[in-house]
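Enquirer: Chains A and B supply the protein sequences, listed in that same order. Start counting the first sequence at 7; every next residue gets the next number (my numbering). Start counting the second sequence at 7; every next residue gets the next number (my numbering).
One or more hints might be untrue.
Which copy? The list can't say, so a pair holds if one copy fits it or any two copies do.
Under the rule of at most 30 Å between Cα atoms (straight-line distance), these lysine-lysine pairs were calculated in the BS3-like manner [what the hints assert, rightly or not]: (1) Lys195 / Lys8; (2) Lys135 / Lys113; (3) Lys74 / Lys121; (4) Lys74 / Lys114; (5) Lys74 / Lys26; (6) Lys8 / Lys121; (7) Lys109 / Lys96; (8) Lys113 / Lys161; (9) Lys124 / Lys8.
Hints listed in this document are in silico derivations from the structure and should not be mistaken for laboratory results.
So you can see what is in the structure, the chains are spelled out below.
2 protein chains.
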Amino acid sequence: MKQQIRILGIDDSPFTFDEKYSAVIGVVMRGGEYLECVLRRQVSIDGTEATAICEQMIQNSRHRRQLKAVMLDGACLGGFNVVDIDMLSKSTNLPVITITRDKPDWKKIKYALQKNFKDWNERLSLLQKGKLHMVPTRHNPIYIKCTGLSLTEAKEIINISTIRGVIPEPIRVAHLIASGITRGESYGKA
Amino acid sequence: MKQQIRILGIDDSPFTFDEKYSAVIGVVMRGGEYLECVLRRQVSIDGTEATAICEQMIQNSRHRRQLKAVMLDGACLGGFNVVDIDMLSKSTNLPVITITRDKPDWKKIKYALQKNFKDWNERLSLLQKGKLHMVPTRHNPIYIKCTGLSLTEAKEIINISTIRGVIPEPIRVAHLIASGITRGESYGKA
Numbered sequence: 007m008k009q010q011i012r013i014l015g016i017d018d019s020p021f022t023f024d025e026k027y028s029a030v031i032g033v034v035m036r037g038g039e040y041l042e043c044v045l046r047r048q049v050s051i052d053g054t055e056a057t058a059i060c061e062q063m064i065q066n067s068r069h070r071r072q073l074k075a076v077m078l079d080g081a082c083l084g085g086f087n088v089v090d091i092d093m094l095s096k097s098t099n100l101p102v103i104t105i106t107r108d109k110p111d112w113k114k115i116k117y118a119l120q121k122n123f124k125d126w127n128e129r130l131s132l133l134q135k136g137k138l139h140m141v142p143t144r145h146n147p148i149y150i151k152c153t154g155l156s157l158t159e160a161k162e163i164i165n166i167s168t169i170r171g172v173i174p175e176p177i178r179v180a181h182l183i184a185s186g187i188t189r190g191e192s193y194g195k196a
Numbered sequence: 007m008k009q010q011i012r013i014l015g016i017d018d019s020p021f022t023f024d025e026k027y028s029a030v031i032g033v034v035m036r037g038g039e040y041l042e043c044v045l046r047r048q049v050s051i052d053g054t055e056a057t058a059i060c061e062q063m064i065q066n067s068r069h070r071r072q073l074k075a076v077m078l079d080g081a082c083l084g085g086f087n088v089v090d091i092d093m094l095s096k097s098t099n100l101p102v103i104t105i106t107r108d109k110p111d112w113k114k115i116k117y118a119l120q121k122n123f124k125d126w127n128e129r130l131s132l133l134q135k136g137k138l139h140m141v142p143t144r145h146n147p148i149y150i151k152c153t154g155l156s157l158t159e160a161k162e163i164i165n166i167s168t169i170r171g172v173i174p175e176p177i178r179v180a181h182l183i184a185s186g187i188t189r190g191e192s193y194g195k196a
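With these hints in hand, go ahead and build the complete structure from the sequences.
Expert: This is the structure we're talking about:
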């Protein structure tokens, strides 16, 4: 696999619960090293349009044809606005990988969904769709889902695009921008 | 000089003339390779507080003590809100370098200032303060001013932090973020 493949990393901005929207930042990077483009959209907090927003962001970008993979910091943007990663992969014809540092706590997630959403069952099903893989790293393991490519290919893309720590640069950089533009100074880890 | 020195790059967002403010984006990078932090402030378009805004951005950042240099895409933020780079360097105790692709056209600048500002003479004096150096590169030359360090040191910092083309990464990345968050997709060159 080419070291310089174009990857789109997506993350959302932090928000408070009196806000209606969260900014969604996309970054196009060549491998893990060179930033080529910054994209911005927004999603409604706890809404249901995150999949469509990601799809539009990709389809309308002039980098569309160069992209080889999409990475998400978990499948939720703007609270519990869940991205259907299978649908996103099919509609864009691109592999999609979600990456998180922590194993999802399904008991807690189910409780939060049931408490806040009439359609909690649909959101939970979407979140639980697809196999979760624990991937060991030199540091702590990460948890990934992948669709539109094999687990071996997903691991290779993660490897190519990770410089320090365990989070690939496209997600780490999207996180820094999303938190920095919202809070004035970026903080925390993707 | 260390290859991994922390540099703050600053650029402003594009704006239309019915807007009052322009976003100012700062990025802290180690050399030209690793993004560590994203900062955001705003300046009033054609205002007079750009120097103070840059100073606050630097002094309030938790990366303050690691910073070794500041780079600006020219001395203007938000139209003709001119940064006094000598004052910024003195108040932050950091070297400041401005970099542009084009040699300033003083006739045009003077005309634009006279047409729009009562204090045009002060703005012009600020802009003309300090020696402008043409620095050859492998591509086109760039035009720089530097304060708080020697020209040789400034060239070395530019060298360390430039990966492709002629614009150092801290300015290039700040530009991509500032234009991307404002327009939805970054475009153009710093």
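Enquirer: Would you mind marking each hint as holding or not holding in the structure?
Expert: Checked hints:
When the C-alpha separation of lysine 195 and lysine 8 is checked against a cutoff of 30 Å, the pair qualifies both within a copy, at 27 Å, and between copies, at 26 Å. Taking the shortest alpha-carbon separations for lysine 135 and lysine 113, only the intra-copy value of 16 Å comes in at or below 30 Å, while the best inter-copy value is 64 Å. Taking the shortest alpha-carbon separations for lysine 74 and lysine 121, neither the intra-copy value of 38 Å nor the inter-copy value of 50 Å comes in at or below 30 Å. In this assembly of identical chains, the alpha carbons of lysine 74 and lysine 114 never lie at most 30 Å apart, being 34 Å within a copy and 45 Å across copies at closest.
Taking the shortest Cα distances, lysine 74 and lysine 26 never come within 30 Å of each other, neither inside one copy (32 Å) nor across copies (39 Å). In this homomeric assembly, lysine 8 and lysine 121 never come within 30 Å of each other (Cα to Cα): the closest approach is 46 Å inside a single copy and 53 Å across copies. Proximity of lysine 109 and lysine 96 under a CA criterion of 30 Å is satisfied intra-copy only: 26 Å inside one chain copy versus 49 Å between copies. For the identical chains of this complex, lysine 113 and lysine 161 are intra-copy neighbours only, at 28 Å inside a copy versus 57 Å across copies, given an alpha-carbon limit of 30 Å.
When the C-alpha separation of lysine 124 and lysine 8 is checked against a cutoff of 30 Å, the pair qualifies neither within a copy, at 45 Å, nor between copies, at 57 Å.
In summary, the numbered hints that this structure violates are 3, 4, 5, 6 and 9.
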